[in-house]
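Please take these sequences and the hints and turn them into a complete structure.
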Amino acid sequence: MNVQRRIARVSAVLLLLVLFSATFAACSIGQHDAHDVIFWTSLNDDIDMSAERQIVAAFEKAHPGMHVSIVSKPSLSTGDATALITSARGGTPPDVYLVDRFAVSQFAAIGLLKNLQPFVNLDGGNLRENYLPFAWKEASYQGQSYGLPMDTDARAMYYNKDLLRQAGIDPSIFDPSHGPMAIDDVMKIALKMDKTDSNGNYTELGLIPWGGQGSHATWGLNFGAKFFNQQTCQVTPTEPAFERTFHYFQQWAKELNYSRVDAFLATYQPPSAPPSQTPFFTGHLGLAIDGNWNLSGIQHYAPNLNYGITYLPVLHKGDPPFTWSGGFALVMPTGARSSADGWEFMKFMSGPVGQAIYTRVTDNLPTWKSLLKKQSLIPGNQRFFASMMSYSVSRPPLPIGAQYSDAMDTAQSSVLLGTATPPQALQQVYARLQPQIQQYCPLKIA
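For what it's worth, the working numbering labels the leading residue of the sequence shown as 38, then goes sequentially.
Read the hints as simulated data drawn from the structure, not as lab findings. Remember, it's a predicted structure, so these values are computed and weren't measured experimentally. Yeah, the Cβ is synthetic: ideal placement off N, Cα and C, and Gly gets one too. Careful, some of the hints might be misleading.
To be verified - Below, in silico cross-link-like pairs of lysine-lysine (DSS-like), each with a Cα-Cα straight-line distance of 30 angstroms or less: (1) Lys198 x Lys225; (2) Lys225 x Lys291; (3) Lys151 x Lys229; (4) Lys384 x Lys151; (5) Lys110 x Lys174; (6) Lys481 x Lys406; (7) Lys110 x Lys151; (8) Lys384 x Lys354; (9) Lys481 x Lys384; (10) Lys354 x Lys225; (11) Lys198 x Lys481; (12) Lys263 x Lys291.
What the hints assert, rightly or not - Just the calculated beta-carbon pair ranges, DEER-fashion: (13) Pro358 x Pro389: 47 to 55 angstroms; (14) Thr123 x Gln412: 38 to 46 angstroms; (15) Ser214 x Ala94: 25 to 33 angstroms.
Shown next, in the form of structure tokens:
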């Protein structure tokens with residue numbers, strides 16, 4: 038009984054403390070929380086964090102009395118919502134979160150994000166006109182804005198001029214002034230660059246067309262893939278563009294011998310290799326499909342590489358240039374306490390001042406259109422990538438985007454390995470994804 042009375046007294050004291058704390062917190066929210074923005078970021082390497090700190094400093098200088106706290110929140114993968122779900126359940130979500138733009142629709146679909154359209158409308162409704170169209174669309178769900186775009190990227194084909202000359206090929210053939218080359222013509226040139234040792238193992242390859250950024254997304258979008266039929270609310274992995282892509286994968290895997298290419302990569306770029314050890318950096322790969330971020334890698338790890346950059350190969354000679362882009366966006370989680378101040382910070386960070394700082398520090402490309410015209414902000418070879426932004430596209434904002442990508446990864450691997458035909462692999466993707474997308478129908482794509 039004595040123990041029970043002590044427990045009761047302690048419980049009563051704790052209850053009073055909780056009530057007092059809640060009352061005090063409620064009274065103080067207007068004084069502190071309203072001007073204290075909690076900012077989570079999933080981009081937390083040294084360079085990105087430096088850029089984010091500089092943006093916060095500039096924001097606080099421009100908004101006296103406001104304070105932004107940066108919290109690093111690493112993400113396990115695109116679409117990983119673990120931290121966001123945990124914070125929402127605990128009643129402690131951040132006010133602003135920097136996430137992969139491809140995940141915005143997924144987070145919005147399961148109720149983790151606030152709809153920003155009311156904020157956009159209050160600001161006049163024309164904020165989207167300042168951003169690259171594909172970036173604004175990618176940060177939407179059901180036609181409504183759920184994120185403000187930050188940085189972006191683009192894909193192109195890099196070529197080693199020295200290796201081309203050694204194979205008897207004039208590098209000027211790849212000069213972008215000639216326009217994009219047809220993929221079949223590029224492969225004919227690439228095959229001339231292949232070299233093997235006495236055992237038949239590759240020591241040099243012209244191009245690994247599925248390597249780097251040569252994935253189903255790149256070739257599929259290049260050939261016109263839509264991913265989704267809004268009228269029927271069906272995923273479309275079996276559409277002609279993806280069928281063509283996967284038939285190419287099958288053809289390339291046979292021509293190059295997939296297992297031999299795999300052995301080549303195990304030698305020249307093993308899984309545990311440092312970032313400096315890639316076959317393109319070390320002079321063992323003549324052509325590489327990659328993004329603008331590769332420029333930084335070349336500068337750091339292969340400064341003497343004699344290379345050029347050109348458009349991605351297209352289906353037919355004469356087709357217009359193509360690229361596609363991804364990037365990040367700022368979102369406001371459901372339950373955010375400082376919505377008004379959070380919105381001000383979001384506009385600042387994703388606006389001309391914030392994006393200019395971010396672009397200068399990280400070498401990423403901005404989504405704020407007017408910044409793309411500033412040559413002092415986008416130097417050297419980055420300008421080639423910036424020049425493609427006017428026609429770049431992105432993957433459609435689907436609430437099962439991450440699952441779609443994973444399923445297509447599996448299908449691509451099975452076709453390259455020869456364990457499934459293109460129709461079989463793509464039909465399996467449809468069977469896996471259609472039941473998942475069905476729960477969100479009808480689905481409006483911005």
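Regarding the pair Lys481 and Lys384, is the alpha-carbon distance no greater than 30 angstroms? The given pair, whose Cα atoms are some 25 angstroms apart, holds under the 30 angstroms limit.
Distance restraint between Lys151 and Lys229, which requires alpha-carbon spacing of 30 angstroms or less: violated (54 angstroms)
Pair hint outcome, Lys384 versus Lys151 [Cα-Cα no greater than 30 angstroms]: OK: Lys384 and Lys151 at ~15 angstroms, within 30 angstroms.
Holds or violated: 47 to 55 angstroms for the Cβ distance of Pro358 and Pro389? violated (27 angstroms)
Hinted pair Lys263 and Lys291, Cα distance within 30 angstroms: holds (27 angstroms)
Assess, step by step, whether the Cα of Lys481 is no farther than 30 angstroms from the Cα of Lys406, and give holds or violated. Satisfied, since the Cα-Cα distance of roughly 25 angstroms is no more than 30 angstroms.
Cβ distance range 25 to 33 angstroms for Ser214 and Ala94, holds or violated: Given range 25 to 33 angstroms: violated, Cβ gap about 42 angstroms.
Verify the proposed pairing of Lys354 with Lys225, using a straight-line Cα cut of 30 angstroms. holds (14 angstroms)
Does the alpha-carbon distance linking Lys110 and Lys174 stay inside the 30 angstroms limit? Satisfied, since the Cα-Cα distance of roughly 25 angstroms is no more than 30 angstroms.
Please work out if Lys225 and Lys291 have their alpha carbons no farther apart than 30 angstroms. Holds: Lys225 and Lys291 sit about 14 angstroms apart, inside 30 angstroms.
Assess, step by step, whether the Cα of Lys198 is no farther than 30 angstroms from the Cα of Lys225, and give holds or violated. The hint holds at about 17 angstroms.
30 angstroms Cα cutoff - pair Lys384, Lys354: violated (42 angstroms)
In the structure shown, a violation is registered for the earlier hints numbered 3, 8, 11, 13, 15, in ascending order.
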